[in-house]
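K.L.:
Please build the complex by placing chain B on the supplied structure of chain A, with the hints as guidance.
Residue numbers (this note's numbering), protein chains in the order written: chain A, 1 to 399; chain B, 1001 to 1399.
Read the hints as simulated data drawn from the structure, not as lab findings. Only a predicted model underlies this, so the values are computations on that prediction, with no experimental measurement involved. Please note: incorrect hints may appear among the correct ones.
Residues on chain A that point at chain B, a partial pick, calculated with CB under 7 Å [what the hints assert, rightly or not]: (1) Leu12; (2) Ser51; (3) Tyr65; (4) Ser66; (5) Gly100; (6) Leu112; (7) Glu115; (8) Gly227; (9) Ala241; (10) Arg244; (11) Val260.
Glycine included, each C-beta is placed from N, C-alpha and C at the ideal position.
There are 2 protein chains.
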Amino acid sequence: MEYNYSDKMKSLKPSAIREIFKSLTDPSIISFAAGNPSPLSFPADELAEISADIFKNDSTTALQYSITEGYPPFRAAIAERLKKKFGIGRDFDTTIVTSGGQQGIELACKALCNEGDAVICCNPSFIGALNSFRSNGANTIGVDLDDDGINVEKLEKAIQDNPNAKMLYLIPTFQNPTGITMSVEKRKAVYEIVKKYSIPMIEDNPYGELRFAGTDVPTIKSMDTEGLVIYCSSFSKILSAGMRIGYICAPDAIVQKMVVAKQSEDVHTNIFFQMLCYRYMTERDMDSHIADIRKLYGAKCALMLEGLEKNLPSELKFTRPEGGLFIWVTLPDEIDMMTYVRKLIEKKLAVVPGTAFNCDPDAPSHSVRINYSMPSDEQITRGTEIMGEVAREMLSENK
Amino acid sequence: MEYNYSDKMKSLKPSAIREIFKSLTDPSIISFAAGNPSPLSFPADELAEISADIFKNDSTTALQYSITEGYPPFRAAIAERLKKKFGIGRDFDTTIVTSGGQQGIELACKALCNEGDAVICCNPSFIGALNSFRSNGANTIGVDLDDDGINVEKLEKAIQDNPNAKMLYLIPTFQNPTGITMSVEKRKAVYEIVKKYSIPMIEDNPYGELRFAGTDVPTIKSMDTEGLVIYCSSFSKILSAGMRIGYICAPDAIVQKMVVAKQSEDVHTNIFFQMLCYRYMTERDMDSHIADIRKLYGAKCALMLEGLEKNLPSELKFTRPEGGLFIWVTLPDEIDMMTYVRKLIEKKLAVVPGTAFNCDPDAPSHSVRINYSMPSDEQITRGTEIMGEVAREMLSENK
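Only chain A is shown next, with the shape it has when bound in the complex (with noise of 0.2 Å):
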């Protein structure tokens, strides 16, 4: 039998990074290539006891229907964090609860881009934020990444060349994959532009509570007095990646098309959950939670970086995050960085190749992305040193 599949499901592929993701069965790999908190990360037995409460005394609203725009009390109390917290959101703006923060990114697109329209993202940018993007049948759009975040020139550029631009996409804080971080200056020029040409964008910022080094940065959103920010983010790197639990602050006329966009798609997000991550944000302290995850990622960011500085040959480079998740160590010309990636799997060693992060899917990369919230300490240890050996192999023989 042969399908006539929506053309915007024709060309697009599963992402690399779930196929890695799905192939790292074999326990003798060292993994680089997670997108993973670590589980240390859960607070499972503070979560397992306000379930165990939630059955006994509130299964009936738990386990029923609820409404789409999510759980009354939690709503609430996310939108009074994120004013507290970032300094986000206005008499225009409506805070819902979606299926993690992805759902947030797919639900915007959907609600604002026809087929054939195009979205603007910073080259590289975060795999499944493309991939929503296309199957919602949009172009995705890329524009250069400078060490302080998007080149402010070329998105304007890129605004204009592209008229049926509907909406741009960045991630500011501790970016997927390169975790680069805007500087503020940068973020205030990114805000003058979508006002310029009234133009959405979506905030992504499911990292932004991770920071570890450095000083807070405030977020686009705190900065959007006309309406045009559609903040993003998740509860996945700070209490439960598995539960499915992000939210959206954005301008209520937009949060109310995408309210119906959810109606059609999971009619709402896991009601037992919201209910147990309402209770958890409200009556313990989530926040030295969080400061245990930072202190913990801040350690393992500084013993990957150490092991990058001691292990790779000065012809590689890579990036030093404040926070979040990420490394983006770039090669130089000398090495493919395909061949690169295939010789650390040799050596038991997986990382994303670039690619996976191109907007134009059939670019070159010359960078790998490496994480550091999953591997063990001795694991980052004899990572680095692994990609030093090979990187050192394949100099030696391109010489």
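P.N.:
Structure of chain B alone, referenced to chain A:
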């Protein structure tokens, strides 16, 4: 700020049922408007026990990212049950987990339909499915429903008249909103038609296990020798609606496209509840639990039918479901449907206007949907009395 929404979202209104659901906060209103399962159908104590054990022994897996297709042992258990109970599943089929039955329907549309394509549905039809087709930019083409299921001649004509029809959507068993079950002869005829025209179909079967009268009718999927049927169902009506756990069994080639689309929507379904469902299915007596729900709904449906017979003037007609959650009441021409619904609300009874289920949202309706799973026995008796009082009043006014 004026926003420029996508064409597909511009016209889409929030579901009338959800709006009613939200407004049903007045506790003095008797609601026949819900589509909710009875809270008595949630085995909360058993789920609590298993949940405690998962937190204790398997929390890392249950709280971490997982694979898009679903928890492998759970998928295997669902596939086995489908085979045993419904004769569903061939070599070319794959079973995956979705975020409620709703997501299976939406993903099928995303995989198969471009904006502007048509989906043929029986009319009236489940509003959530209609809206998920519309939110993907597809048009919903209605085909009349007879007492024994969709009109087969009109179905064939609709396919011939709509060359851009990419999919057929049916709820053959205990249809929402009418409660009608398609005869086995019609199922065979429908399958011959989709085979003749090579048009894939969704068989949506969320109520299939809730038979309390009559005899089982084979699913269309069980007749699917060619790989044309996407079978969607869920645990919402037998374990918990709020957890959002559904599944599809469909030809693997189509499923692969749906997996890519799902990855972009929510990455995967809440993994904790997948594990919880799996263990409930395999460690507890789910069949005996389902038998209890059937008994409960059988008694409630019988009470409602008794009340309708006793109280409604003979000019009003109603269906006699053998399972599921709904009865469909059709008014004579002398009674304007929306006026009837408004007068019922004044007397503190909520029902769903039939227009909500129309494939053409501007078409009229002479029917209302009522539900017997949620109201108490007293409410069922009193509600049917109100329905009778208002109908008699309106009939005498129009004489």
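K.L.:
State for each hint whether it applies.
P.N.:
Hint by hint, here is what the structure shows:
1. Leu12: For leucine 12 of chain A, the interface hint holds, since the closest Cβ of chain B sits about 5 Å away, which is under 7 Å.
2. Ser51: holds (6 Å)
3. Tyr65: Interface hint status for tyrosine 65 of chain A: holds (4 Å vs cutoff 7 Å).
4. Ser66: holds (6 Å)
5. Gly100: Nearest chain B Cβ about 5 Å off; hint holds.
6. Leu112: holds (6 Å)
7. Glu115: This hint holds: glutamate 115 of chain A lies near chain B, its Cβ roughly 5 Å from the closest one there, short of 7 Å.
8. Gly227: holds (5 Å)
9. Ala241: Where the cut-off is 7 Å and the nearest Cβ of chain B is about 4 Å from alanine 241 of chain A, the hint holds.
10. Arg244: Hint holds; arginine 244 of chain A Cβ to chain B Cβ min 5 Å, cut 7 Å.
11. Val260: holds (5 Å)
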